[in-house]
Amino acid sequence: MQTAIKRMIFFAAIIAFWELGSRMELWHPLIFPSLSSVFSALAEGLQDKTLIYDLIASFKRLAVGLAISLVIGTLIGILLGKSKTADDTLGAVILALQSVPSIVWLPIAIMWFGLNEKAVIFVTILGGTFVMALNMRTGIKNVSPLYIKAAQTMGANGIDLFIRVIFPASIPYVVTGSRLAWAFAWRALMAGELLSTGPGLGYTLRYASDFGRMDIVIGVMIIIGAIGMIVDQLIFQRIEKSVIKKWGLES
Amino acid sequence: MFIQINEVNKQYNDKENQPVDVLKEINLSIDKGQFVSILGPSGCGKSTLLSIVAGLTKTTSGQILIDGKTISKPGKDRGMVFQQAALFPWLTVMENVTFPLKKEMKKKVAETSALKYLQMVQLGKYLSHYPHELSGGMQQRVAIARALAMNPETLLMDEPFGALDEQTRSRLHLQLENIWMETKKTILFVTHSISESIKLSDRIIVMGTKPGTILQDITVDIPRPREEYKKEILEIEDHIMSYLKKEIDKVVSEELEYANSH
Ligand SMILES: Nc1ncnc2c1ncn2[C@@H]1O[C@H](COP(=O)(O)OP(=O)(O)OP(=O)(O)O)[C@@H](O)[C@H]1O
Ligand SMILES: [Mg+2]
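Residue numbers (my numbering), protein chains in the order written: chain A, 19 to 269; chain B, 1007 to 1268.
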């Protein structure tokens, strides 16, 4: 059977179980609301535009945070890829920092910036920077020596060689790095927003929970998951696939 | 003398960090405009020697002079066609061929010149294709066009036709011969095909293996085009074969020895 058909049947089964279970009161609506109440909560949020404002606020923070993390990550990655000394010293630190969940930085961020927009963006930046840096580094290190040799026999060297050959040759890693940076930054942003002031998807999630609005909680969670999946599958995985094909990296 | 290879030695370290001789006491003088083939069994150091002349690999000792100047780094006076096509996958065919021309001429001029060489290798219809959309043989032809478009005085070619089918190869032999006669480039052509080397070159350097040394320096003075001189070609072929057979036997017996001792 085709994957798409399998998936559709699977989701239909879950949805049917969810709605029927709620209607037959297998569980209390405060523990888990019915699908229809989740939908109406979402519709309400869209109608009075609060959800729209949340989405816009979250995406603004993400855009700023991700953009900064991609730039810093790329620069650090280039440094690590080109300088052995930097790789041996700073590289070890970056590797260690990467395994620290970025939300752990929030207390520091709050002390530096206060509990505001800046603190959340700071955490988002940290979420994306290290993966981007490590992927950029790997990309630079993995450039086929043949490309470099060929370019050298054609008169390219120094910064010219870097811009025209080494960087473009590592684009597949830049794409993978960006995809992971987006995923990490998105998670960090949601975690940061949970603990900060609104508007924002994460803030609304906590607010709804404080007021016992389970329908909104589930609704916002669905939005967060859907956005994560759509951006990853529809944007990044497509770019990644075509780049891998073009760069001849298919195995 | 145009290219002078003086007492070149090259060692690589093996797994136990012991130096292994790859090239030993290579001496060679090549005149301007000569077409020289380097022929030898796999692993005898042909690519290494070419890469040293290109300035991509350092010698352990000895030096290379071109036009009296010692080679220390790669330069646009020496165009290289590698054993693998080495095209940049993020550039189209046209962009690949104009890569070396970007800095010194206007885009239009570079493209006109690139087109000439791409048509010469019958790829005029593939200008906006990307390398991954071409077959291996087509990629190699783009690489040849790229080296020619740079218009270097010396062409270094490392088994450029190894991956091609017989018809394409013969056609490219003719084209290369024509280009060489028109432009009077000095060509160093690595191959392990005896007939290819006789068909194309003025001179054949037969190399032996372990360590890589020059066994024979054979002059081919058959008039061109050479197709009609079947008898002379066969004579030289037998002559070369007698040297190469010993070398190939040596490689085979070493392989057997290694297999028995492990
Ligand atoms: N970077 C390297 N490090 C260590 N050994 C090397 C290196 N490059 C080549 N060699 C060794 O040098 C020898 C000669 O290699 P080279 O590629 O020049 O051979 P070749 O004559 O071009 O062979 P082929 O016809 O198969 O291309 C081989 O034994 C190879 O193992
Ligand atoms: Mg070789």
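Each hint should be verified, as a subset may be incorrect.
To be verified - Beta-carbon label-pair distances, calculated as ranges:
(1) A:Asp-105 - B:Lys-1190: 56 to 62 Å
(2) B:Gly-1074 - A:Glu-258: 48 to 54 Å
(3) A:Ile-257 - B:Ile-1228: 25 to 31 Å
(4) A:Val-122 - B:His-1135: 46 to 52 Å
(5) A:Thr-103 - B:Gln-1173: 39 to 45 Å
(6) A:Lys-102 - B:Gln-1017: 41 to 47 Å
To be verified - Below 20 Å or equal to it, Euclidean Cα-Cα: the simulated EDC-like pairs (lysine to aspartate or glutamate) are:
(7) B:Lys-1108 - A:Asp-106
(8) B:Lys-1109 - A:Asp-178
(9) A:Lys-167 - B:Glu-1159
(10) A:Lys-167 - B:Glu-1101
(11) B:Lys-1030 - B:Asp-1171
Calculated from the structure, these hints are not laboratory results. All residues carry an ideal CB built from backbone N, CA and C; glycine is no exception.
Hints versus structure:
1. A:Asp-105 - B:Lys-1190: 56 to 62 Å: violated, 48 Å
2. B:Gly-1074 - A:Glu-258: 48 to 54 Å: holds, 52 Å
3. A:Ile-257 - B:Ile-1228: 25 to 31 Å: violated, 56 Å
4. A:Val-122 - B:His-1135: 46 to 52 Å: holds, 49 Å
5. A:Thr-103 - B:Gln-1173: 39 to 45 Å: Between Thr-103 (chain A) and Gln-1173 (chain B), where Cβ atoms are some 54 Å apart, the hint is violated.
6. A:Lys-102 - B:Gln-1017: 41 to 47 Å: violated, 24 Å
7. B:Lys-1108 - A:Asp-106: violated, 37 Å
8. B:Lys-1109 - A:Asp-178: OK: Lys-1109 (chain B) and Asp-178 (chain A) at ~10 Å, within 20 Å.
9. A:Lys-167 - B:Glu-1159: holds, 19 Å
10. A:Lys-167 - B:Glu-1101: With a Cα-Cα distance of about 18 Å, the restraint between Lys-167 (chain A) and Glu-1101 (chain B) holds, given a limit of 20 Å.
11. B:Lys-1030 - B:Asp-1171: violated, 34 Å
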